[in-house]
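Peer 1: Numbering (the numbering used here), first residue to last: 2 to 384.
Note that these hints are calculated values from the structure, not bench results.
Beta carbons: idealized from backbone N, C-alpha and C, even for Gly.
Just to be clear, a hint being listed does not mean it is correct.
Claimed, not checked - Okay, the calculated beta carbon distance ranges per label pair:
id, residue 1, residue 2, range
1, 156, 93, 16 to 22 Å
2, 210, 258, 36 to 42 Å
3, 226, 72, 29 to 35 Å
4, 362, 71, 17 to 23 Å
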Amino acid sequence: MRRRIGLALACVLFWATGANARQTTSDPTARPVWRTTQATVGTPVIAGDHVFALTADHQLVKVALADGSETWRVSTGEVGVTYGHALAVTSASVLAGEYDIVGIDRATGRRRWTFSPPVGYAPGPYLGDVDRDEVVFAGSASGHLYAVDVRSGLLIWTTVVDQNLQSTIYSPRVDGSVVIAGFTQHAAPSGGGLVAVSVADGRERWRFRFPTRAVSTHLAGGPVIVGGLIVAASGDGQIWAVDREPGARRWTLPPNMGELDSIVRAGDQDHRSLAVSGSILVAGSTTGYVLGYDVDQQREAWRYAGGRLGSTAFAMAARDGIVFVPYVSGFLVALTAATGQQQWRTHDWQQGFVWPPAVTGRIAVVCSRQGMWALRIDSEDQP
C-alpha cells in the first residue's frame, strides 16, 4: 500500500537544468534572516512567534521565528521513505501528516496520539483543514475521507468516497458547513473531480466529476475557494469553477497551450497548481508558464514565462498581493499577483525550493533540502 502512496503523490513534471536559467539581481537567499541546515519538507506553519516544520528524517521541529533557534524536536514515529509533508497547528496541538496523522503538544513537543484509521490507510499525506470545533479533516489513498478529534485523535466519522477503494482523496478544505475535497480515480484513463460532504456527519452533499475524455482527467490543481466558487484543475489542463452549494458548473478556463523554450509543450496533460489573490486566480503549468486570470471576467490577465526554470511544482502560495511559485527544478519565484511582474527569484537550484513558503509580515519561511530558510521578502532590503 505504501508503494501506491508514492504513485498517488507522483506527477509527471518536466525538469529543466536551471544552470542556464536567466539571472536577476534580486535574490533573498543572499542575505537570509536565518537558516537551518537539516533538510525539511512541505510548507512550514508560522504560529505566533514560532515556526513548525517536518524534517526529511521524520521529526517535527519548533524554532523561533526571530532567529531560527530550536525550541524542541520530536520524532513522528515514521520510518523509511517520507510520504507526508502536511502540517496543521491549533491553539494546543501540532498535527503532522506522515503516513498516519500524529498529534503533538504544541508547548512541550510531547507526542500525544497517532491516528491510524480502522478502515483505509494513509491519511497523513492528505491532511487538510481544522475547523473551529477542533476537528481535523483528511483524505487518503484508499478512497476514504476522515474527520478526527484534534484533542484525542479519535475518529469522528468516515465517508467512503469511492466504494471500489481505487481513488485518492486529497487534502480537504473546510467551507462553512461543508468539507470539500478533490479526488482522482485510478483507472485507464484516470478521472477525477470534487466532492462536498457535511462537516457534522460526513454525509455527501454533492459531487462534481470532470467530464470524461480519452486522456486522463485526474485532479491536477486545487481546490481553491474564490468568492462563491470552488475552483480546481483537471489533468487535461482545464480549470473548472463550480458553485459552492449545488456543485453545478459555473465556468471553465481552457488549457494552456504555450511552450517552454521549445523544450516542453502542454498538450493533452498538464499539472496546474492554483492560488488566489483577490480577484486573480493564479495557475502554474508543466510548461513553466504561470498565468493570472481575472476571475470576474474569466479571462487571462497576464502570463509569466519561467524560461529554463522548468515546470512549476505541486503547490504555490499567495499572500498580501504576492504569489510565491516554486519550480520542480528547485527555484522559487515571487510575482506580483495583480500584474505577474517578477519581484525576485532564487538563483541556486541546489537549494531545492520545491514547496511554497509560509509568510508573515516581511518574512517568508521556506523548506528545502538544504534546510529551512527565513527570507526577507520586501524589495528594499534585497541586495
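Peer 1: Given a hint of 36 to 42 Å, does the C-beta separation of residue 210 and residue 258 actually sit inside it?
Peer 2: At 24 Å between Cβs, range violated.
Peer 1: Return holds or violated for the Cβ distance of residue 362 and residue 71 against the range 17 to 23 Å.
Peer 2: Check passed, 22 Å falls within 17 to 23 Å.
Peer 1: Given the range 29 to 35 Å, decide if the beta-carbon distance of residue 226 to residue 72 lies inside it.
Peer 2: Cβ of residue 226 to Cβ of residue 72: about 33 Å, so the range 29 to 35 Å holds.
Peer 1: Against the range 16 to 22 Å, how does the distance between the Cβ atoms of residue 156 and residue 93 compare: consistent or not?
Peer 2: holds, 20 Å
Hint 2 from the list above is the single one not met by this structure.
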